[in-house]
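Residue numbers (the numbering used here), protein chains in the order written: chain A, 1 to 367; chain B, 1 to 367.
Derived by calculation from the structure, the hints in this document are not laboratory data.
In this text, all values refer to a predicted model and were calculated from it rather than measured experimentally.
Among the hints, a few may not be true.
Since copy identity is lost for identical chains, a pair holds within one copy or between any two.
[Unchecked claim] Capping the alpha-carbon separation at 20 angstroms, the derived lysine to any residue pairs in SDA-like fashion look like this:
1. Lys276 / Trp60
2. Lys276 / Val17
3. Lys276 / Gly58
4. Lys366 / Gly311
5. Lys365 / Gln272
6. Lys132 / Asp319
7. Lys365 / Ala309
8. Lys315 / Pro183
9. Lys132 / Ala316
10. Lys276 / Gln286
11. Lys132 / Pro105
12. Lys365 / His78
13. Lys366 / Leu182
14. Lys132 / Arg27
15. Lys276 / Asp210
16. Lys315 / Gln283
17. Lys366 / Tyr269
There are 2 protein chains.
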Amino acid sequence: MTHIRLTPLAQSLPATVPFVGPETQERSRGRPFAARLGANENVFGPSPRAIAAMAETGHWMYGDPESHTLRMALAAHHGTTPDHIIVGEGIDGLLGYLVRLFVGPGDAVVTSDGAYPTFNYHVAGYGGTLHKVPYVDDHEDPATLFAKAAEVDAKLVYLANPDNPMGSWHTGADLAAAMASLPEGTLLVLDEAYVDTAPDGTALRLPLDDPRIIRFRTFSKAYGMAGARVGYGMGHPDLISAFHKVRNHFGMNRAAQAGAEAALADQSYLSQVLEKIAHSQNQIAQIAIDNGLSPLPSAANFVTIDCGADGAFAKAVLDELVARGIFVRMPFVAPQNRCIRISCGTPSDLAAFAAALPGALEAAKKG
Amino acid sequence: MTHIRLTPLAQSLPATVPFVGPETQERSRGRPFAARLGANENVFGPSPRAIAAMAETGHWMYGDPESHTLRMALAAHHGTTPDHIIVGEGIDGLLGYLVRLFVGPGDAVVTSDGAYPTFNYHVAGYGGTLHKVPYVDDHEDPATLFAKAAEVDAKLVYLANPDNPMGSWHTGADLAAAMASLPEGTLLVLDEAYVDTAPDGTALRLPLDDPRIIRFRTFSKAYGMAGARVGYGMGHPDLISAFHKVRNHFGMNRAAQAGAEAALADQSYLSQVLEKIAHSQNQIAQIAIDNGLSPLPSAANFVTIDCGADGAFAKAVLDELVARGIFVRMPFVAPQNRCIRISCGTPSDLAAFAAALPGALEAAKKG
């Protein structure tokens, strides 16, 4: 293998994946899941207008590398300019570019222990040093995060609001107030993937061009287009323009861009979906209660359920659910790993979950 | 901007783009192009089965991060195993991952002066030192490339076969023979994006798992799915598995994966498209001859036309074509920049080109 000379950094990286996909699990199970409730997808799907826009796209043409019309529409939606917006291949892709721009070997980055693993994957991938702070009362905690950032001179500090996997959230006003303690030299990476399903006032209440922050949004959650891979970042134009130095300029799927634009324009469909998600949240919570478990309050398109014991027990419940054809996931880290996380589903998805849960709990208790 | 602390490398990078998209040009022109013949897209589009597969996809689900069924189908198509195949967001995306895996600051990389600029963009983006060798008789020249690679101890050497922008090619047997002079420690990055339109025997005649080579293919050209962003690499499993350390695991558009699989399965449609492309090549060549210009032989889905003078003249011809609503591009570097490059088009596209060319030439001669 003398021709395969990876960089020392690439050589050192593990061949791990942040998440094992449900298709991989189905292949090892030998049969499909009855309900797909593990990836916080939106089973209600995108606006019919978005589906039509994607179908009508001329697939033979490369997408516009500037995502111009989508950025124009997003700028109008958010009351800003296209220069404040970068569109990319999902938030995952944009987080990769951001980390690449900021983090070299040994650079410090701060996140919460148990927060989004794909961010951590990118930090490791560029040789950064990741510092983790604990959740506070099942919340990612700005004060703890920013104090650690000051201590280690972090270039980036990651915060998801609402949080995944716990579904907890801060108000945008509280978060804005907490920003007073963000240290000089640290950029807040604010992941607002789930903000569309959150109570009004959850989005950060600060100007979009505040140079201390980049905030990310997505069409994968409330807009129901996870398969399309469309995310965007909003921030100061000096920061946004840096993405153009490293991004895959022709990386955006043309149909996906058209679909996102159509989805954004159909806010009445979004409202309907948000109602379905809220209804589904209530159903999941009720199923949990019916089984003697404790649903946590959620601002996201999932409900995290406290199984009432330790991580081993919750893992056993999860495994028993998976064995019964219900794809779900759970937090990675104690004490949050006392929970399982159920994405909102259709009534029939949730009926399958409700049917499987008692047996799964019984088996987990015996195990 | 004290919160925006880019890495020294990111700071040093220019905010250039490898290509300006036709949409950008249309916006600055204030009107659309009459014919889109500049990006080597395939105007004949994908198989109807691929279009249907994309339309039928559940967009709400993330794509399979392993692209398992597509990799299985590609493995069967190429007579290899899925472990020899990496699927990614176009060859552009995969080139980015490859360069990231191999190239750190100061590492040497070799390419031809005037070859694919997006590869160069990635090398610069990771701090590599790019060494360029001239074309030989309008061909990327393996002997020259490999000699330079030996001289500078290159980690990567890039070669497109067929070549873009000249349309020239080597036989797979000649290339295999030339491999004897590939130095130890250098990986050949063989871009076979245009091999599907090339004469039989153009694909490299060496085992797919030869550890000295990675070869790239795409659904953007002959398969007519540039907007979908599906490329793949083939190589030794030890090399292929390295991609999993750095790639955006959930980066693939789900519909695009389904579309690529359907397109691959419809080889009879591909054959029909290849006939249309061949016919279009002949038409472009004839239009060139009718205008006193010299079409170069082409193995790709475009024809490069020698305008018979220097780069300034060819640029004037190109500008005049663009002004007349014909989107075309041209080589960047002398002496190849004596040419303009015309992608295959529909009969009406080429009629528009034929109508515009005499006036464009006349204006360029006057200019």
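Hints and how they fare:
1. Lys276 / Trp60: This pair counts as between: shortest inter-copy Cα distance 15 angstroms, intra-copy 36 angstroms.
2. Lys276 / Val17: neither (32 angstroms within a copy, 43 angstroms between copies)
3. Lys276 / Gly58: between (32 angstroms within a copy, 18 angstroms between copies)
4. Lys366 / Gly311: within (15 angstroms within a copy, 79 angstroms between copies)
5. Lys365 / Gln272: The answer is neither: 39 angstroms in one copy and 62 angstroms across copies each exceed 20 angstroms.
6. Lys132 / Asp319: Close neither inside one copy (27 angstroms) nor across copies (55 angstroms); limit 20 angstroms.
7. Lys365 / Ala309: within (10 angstroms within a copy, 83 angstroms between copies)
8. Lys315 / Pro183: Classified as neither; 38 angstroms inside a copy, 52 angstroms across copies.
9. Lys132 / Ala316: Classified as neither: same-chain Cα gap 26 angstroms, cross-chain 58 angstroms, threshold 20 angstroms.
10. Lys276 / Gln286: Answer is within: at 15 angstroms inside a copy they meet the 20 angstroms cutoff, but 60 angstroms across does not.
11. Lys132 / Pro105: within (17 angstroms within a copy, 29 angstroms between copies)
12. Lys365 / His78: neither (49 angstroms within a copy, 50 angstroms between copies)
13. Lys366 / Leu182: neither (48 angstroms within a copy, 63 angstroms between copies)
14. Lys132 / Arg27: neither (34 angstroms within a copy, 46 angstroms between copies)
15. Lys276 / Asp210: neither (34 angstroms within a copy, 53 angstroms between copies)
16. Lys315 / Gln283: This pair counts as neither: shortest intra-copy Cα distance 22 angstroms, inter-copy 65 angstroms.
17. Lys366 / Tyr269: neither (45 angstroms within a copy, 57 angstroms between copies)
Checked against the numbered hints given earlier, this structure breaks hints 2, 5, 6, 8, 9, 12, 13, 14, 15, 16 and 17; the rest are met.
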